[in-house]
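All chains, please: the whole structure from these sequences, using the hints.
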Amino acid sequence: DAGVIQSPRHEVTEMGQEVTLRCKPISGHDYLFWYRQTMMRGLELLIYFNNNVPIDDSGMPEDRFSAKMPNASFSTLKIQPSEPRDSAVYFCASSELAGGHYEQFFGPGTRLTVL
Amino acid sequence: TQLLEQSPQFLSIQEGENLTVYCNSSSVFSSLQWYRQEPGEGPVLLVTVVTGGEVKKLKRLTFQFGDARKDSSLHITAAQTGDTGLYLCAGASPGNQFYFGTGTSLTVIP
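Those sequence lines, one after another, are chains A and B.
The first sequence runs 1 to 115 under the numbering used here.
The second sequence runs 1001 to 1110 under the numbering used here.
If you are wondering where the hints come from, they were derived from the structure by calculation, not from laboratory data.
To list a few chain B residues with every Cβ distance to chain A over 12 Å, as calculated:
| # | residue |
| --- | --- |
| 1 | Thr1020 |
| 2 | Ser1073 |
| 3 | Thr1107 |
| 4 | Pro1110 |
Label pairs and their in silico Cβ distance ranges:
| # | chain 1 | residue 1 | chain 2 | residue 2 | range |
| --- | --- | --- | --- | --- | --- |
| 5 | B | Gln1009 | A | Arg111 | 20 to 26 Å |
| 6 | B | Leu1058 | A | Gln80 | 38 to 44 Å |
| 7 | B | Gly1095 | A | Arg22 | 28 to 34 Å |
| 8 | B | Pro1110 | A | Pro61 | 38 to 44 Å |
C-beta atoms are modelled at their ideal positions from N, C-alpha and C, and glycine is treated no differently.
Here's what the structure looks like:
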């Protein structure tokens, strides 16, 4: 398997623009997670899905952020409008519940810079 | 609220030395995991511990889950330059909420 695939790997945009990050999870995994990583706040869980349904979005910072999972092989995280404080590395991870716990496999991340 | 505090935050040691990284919380977790992250990449799972008091060994790495399932430690014996990276603990609460620790950045100097 190719692992979790994220695109783009790097994104530079200007404040106010819409940004869409994409993720293809590992085939067969029924959980998908979106994280944000910064030096100041570390790795933060934004939202996660189970069988394409959002389960917990309490980590989504505000209404400018939205995430969708239209099918088992694709998810998007959208920021509209983007702000400089959204600059971070965004990770997607997928997992299956094995033995009562998650074992998450992370993608390579998307480094977002908002000018 | 950061539920999992790791210490130390930064660690720089000579190749061949031993080290221990700690992951502490006031909350009980149903399982705890350790990940290593290298620059420009996502975290990679090293181990999962699920039973209080459990000890797991992965070559030169020894992982321990506290008896009360609130804390964990990672001990590396005879560190190598390839051990350099960001070490993250992650806990799953009984309600399946998932939290990552603050991270320990390890640099092993040749």
